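**Student:** Chain by chain, the residues run as shown.
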Amino acid sequence: MSCAEKCLLVDLALDDELDSAGLAEFEQHLQQCPDCAVGFARQKALRGALRAQMPRHKSPSELIQRIRDALPDEVPAPGPQKTAPATNVVSLPAWPTVATKSRLKLALSGIGGALAAALATVWFMHVTPEDRMTQAVVESHVRALMSGRMYDIASADPKTIKPWFTGRLDVAPPVKDLSAHGFDLIGARLDYIDNRRAAALIYRHNEHVITLYIFSTPSAPMSESDPVVRQGYAVCHWSSHGLTDWVVSDIDSDELEAFEDLVTGPV
Amino acid sequence: MVLPHLDAAYNFARYLTRNPDDAADVLQEASIRAFRFFGGFKGGSVRTWLLTIVRNTAYTWMASHRRGQVVASVEDYGIERPLEPFAAVPWERLPDDPETRLLLAEDRAALMDVIDRLSPEFREVLVLREIEELSYREIAEVTGTPVGTVMSRLARARRQVQENWRRHVALEGGGR
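Sequence lines, in order, name chains A and B.
One point on numbering: in our numbering, the residue at position 259 of the first sequence is 259, and numbering is uninterrupted.
One point on numbering: in our numbering, the residue at position 159 of the second sequence is 1159, and numbering is uninterrupted.
Just chain B, same shape as in the assembly (with noise of 0.2 angstroms):
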């Protein structure tokens, strides 16, 4: 049952460890964590049960493998600050549009480096949204927070790609 859903998981594991190799090792553990805990499956989808059991494994392997890297926490991305409106949001009406540039497939290990560099909460929210294309209520249920909280991590996570990005281009001279 658990099989169809590994390369999901290992996707998944891929982006919260940022690591090829971890992400085997989560995978792996999840597996067994998955295989342990099958009796307290209560239904639902599966998918999502498994993504829910990749991500505490995740968490705590990263826990006790850190690697030199520091796991950033919600506050230090001051998360927890109200969303601020689309409209207060100064827009540079800029004629190449950076996410027009995004469509044209250059730049992916960019793209990539500035999805790294959000913080895990904004990370993980993204993936299960573009990726696994799960709705708010699954992604909540995964990432066990309220489906508020989803909501404004996935606009912040947004906002930040979409400034990181723009930024990337700027330095690259705009375009071109």
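Isolated chain A, as found in the complex (with noise of 0.2 angstroms):
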């Protein structure tokens, strides 16, 4: 090896990236080198500068508040497991070592490749459009939650919310005031789901926000769906006389269905 291949090593010898050997080799030619010793130190001293003297942003309290909020308590392990555990210890499974990993890519890189493919398709195939909107009901959800941005309009009053949805959506959602039930509407937003325009209708449950999501869709079916939970929040969703509701919250699967009831029920 060259001077100038081994003056290359710098970084990685100030990078703990050389394996013993080639640690010991570089620093005996250090001693040889008073090229690479000098580069050597001033690296170091960059190094060090660099590490003492870069910013470490933190980032705003209130910004980490408002993503705390938004996620749920608990996000359900990956995997077939239904209902999280109330509990903080997230037990992980044995993974195996980098070591075992990379042995085992290269063992399956022949096949990886088409099973990859089959695969993609099952999931594709298996991703229905119901379950692409529950999805993207959720994150709508969230993501208002998150950004503090929760309503264009607050208000308790369905007189006040309802015109002002006209010119904004082509239909005249219908806006209740459930307060007598224990939810309360604190305003409404326009949303734009799954490349549709919808009106979402923000109500409180005790601790709990609620979005109703509405949709016209002319030509759906009546019909009604059981509430699923998804990531830690529950959604559901029903068709009638033109219009497609979807409703998320982080409130549990019968005190949706009660609100459910409500909405859908006569005045």
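It is possible that part of the hints are untrue.
[What the hints assert, rightly or not] Below, simulated EDC-like cross-link-like pairs (lysine to aspartate or glutamate); rule was C-alpha separation at most 16 angstroms, straight line:
#, chain 1, residue 1, chain 2, residue 2
1, A, K58, B, E1172
2, A, K58, B, D1022
3, A, K58, B, E1132
4, A, K159, A, D184
5, A, K44, B, E1133
6, A, K162, A, D152
7, A, K44, A, E62
8, A, K58, B, D1025
9, A, K44, A, D69
10, A, K58, B, D1007
[Stated by the list, open to error] Simulated coverage check for chain A against chain B, where a stretch passes if three residues somewhere in it have a Cβ under 8 angstroms from a Cβ of chain B:
#, region
11, 8 to 16
12, 48 to 57
13, 143 to 151
Worth flagging that the hints you see were computed from the coordinates, not collected in a lab.
Fair warning: this is a prediction, and the values are worked out from it, not measured in the lab.
From the three backbone atoms N, C-alpha and C, an ideal C-beta is built for every residue, glycine too.
Reassemble the complex: the two chains are provided individually, in unrelated frames, and hints are given to aid placement.
**Tutor:** What follows is the structure, given as structure tokens:
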């Protein structure tokens, strides 16, 4: 190895990326090459200075708080687990070591491509439009909570909110005052989900926020779904009279169904 | 799981966007993406995984919210040239070593300026290495580049910081 090549090892030596044999060889080279020795000393000084002086930007605490509030307390672990246990202990399965993993990868690389393609196809067929919509409304709900811009118009009065949508949507969404049942209307916004406009009505139930999305779907048949829980949020939807409603919240499924009954029930 | 790494994520976003407001928006969007893709998390380091998401989000963000700043491309900086070996760089031996001066906690703003002026490819590897103290392999994972590229970009980034810092010191009248 020439001196010029050895000199390229300065950064690797600095970053602990040389194995012990390589490091010993490099150190020996430093003894004989003043250029490398000076270069290494300078790089070391620079590294020390950068680590000491580069600002470590702290995130604003209100931003962290918003993100904390918006994410559900416990994100269910990936896998078939249905309900997340109310504990903070996260147990991870024992992952293979890096060495085993790379050996595995090597062994699998031949069939990997074909397998991945097959899996992707299965996955793609597996994701129904309903799944996609569920994901989309959950994300919209979380994004609104996180941004702190939950509504465009704050009001508890359906008579204020309903006309606000005039000219913004091609339907007049029905808006109900459900405060007598513990669901307080707090505001509304215009949202855009899955390439469609939607009215989003925001209700509060105890400390929980509920978003009720209303889409205009003139040709949708009458239907109703059971609540599903996705990433800690309960979601359900129904269609009737040319409108499709999606509702999402971190309340439990029973309360969500109670809310659905109130929304769909007689005024 | 993601929450303990939000500070690291914000810091990285801040260096990538060079702006606190954009960094906040990027962090928010990245948290949502992390939340969405959590099922796709395959184990390993959560921090590395989150930083990868932050990086992708930041680049998408900057491409669509570009505020009159042109993001320099790799080609502009000639990064594809082979790296010159150390000994080939002529070092003028100043008695008042610029690196020593950097240690004196002076001119933090000037240092920040030098780092901000690096191209994004150089800035990100420097931050991941010197602040997050990730290994080459982990940096390669976050940036989606081969380890060899990480190696050469990091070396170049350091050379560039060094040269620009020397220039700054020289302009200031050789220290003091």
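**Student:** Quick check: the region 143 to 151 of chain A, covered by chain B? Criterion 3+ residues, Cβ under 8 angstroms.
**Tutor:** holds (count 3)
**Student:** Below or equal to 16 angstroms on CA atoms is what counts here, so check K159/A against D184/A.
**Tutor:** With Cα atoms ~15 angstroms apart, K159/A and D184/A stay inside 16 angstroms; holds.
**Student:** Checking one constraint from the list: CA of K44/A to CA of E1133/B, max 16 angstroms. Satisfied?
**Tutor:** Between K44/A and E1133/B the Cα gap is close to 15 angstroms, so the pair holds against 16 angstroms.
**Student:** So if I understand the rule, the pair passes when the alpha-carbon distance is 16 angstroms or less; does K58/A with E1172/B pass?
**Tutor:** violated (30 angstroms)
**Student:** Measure nothing beyond the straight line between the CA atoms of K162/A and D152/A; if it is 16 angstroms or shorter, mark the hint as holding.
**Tutor:** holds (13 angstroms)
**Student:** Please check whether the region 48 to 57 of chain A has three or more residues whose CB lies within less than 8 angstroms of a CB on chain B.
**Tutor:** holds (count 10)
**Student:** Just to be careful, I want the Cα atoms of K58/A and D1022/B compared with a cutoff of 16 angstroms; is the pair within it?
**Tutor:** Within the cut-off at roughly 14 angstroms; holds.
**Student:** Check the hint pairing K44/A with D69/A against an upper bound of 16 angstroms on the C-alpha distance.
**Tutor:** The given pair, whose Cα atoms are some 43 angstroms apart, is violated under the 16 angstroms limit.
**Student:** Given the hinted pair K58/A and D1025/B, is their Cα-Cα distance within 16 angstroms?
**Tutor:** Within the cut-off at roughly 15 angstroms; holds.
**Student:** Given the hinted pair K44/A and E62/A, is their alpha-carbon gap at most 16 angstroms?
**Tutor:** violated (38 angstroms)
**Student:** Tell me if the straight-line CA distance from K58/A to D1007/B falls inside 16 angstroms.
**Tutor:** Status holds; Cα separation ~6 angstroms.
**Student:** Is K58/A close enough to E1132/B, meaning Cα to Cα at most 16 angstroms?
**Tutor:** holds (13 angstroms)
The earlier numbered hints that this structure contradicts are 1, 7, 9.
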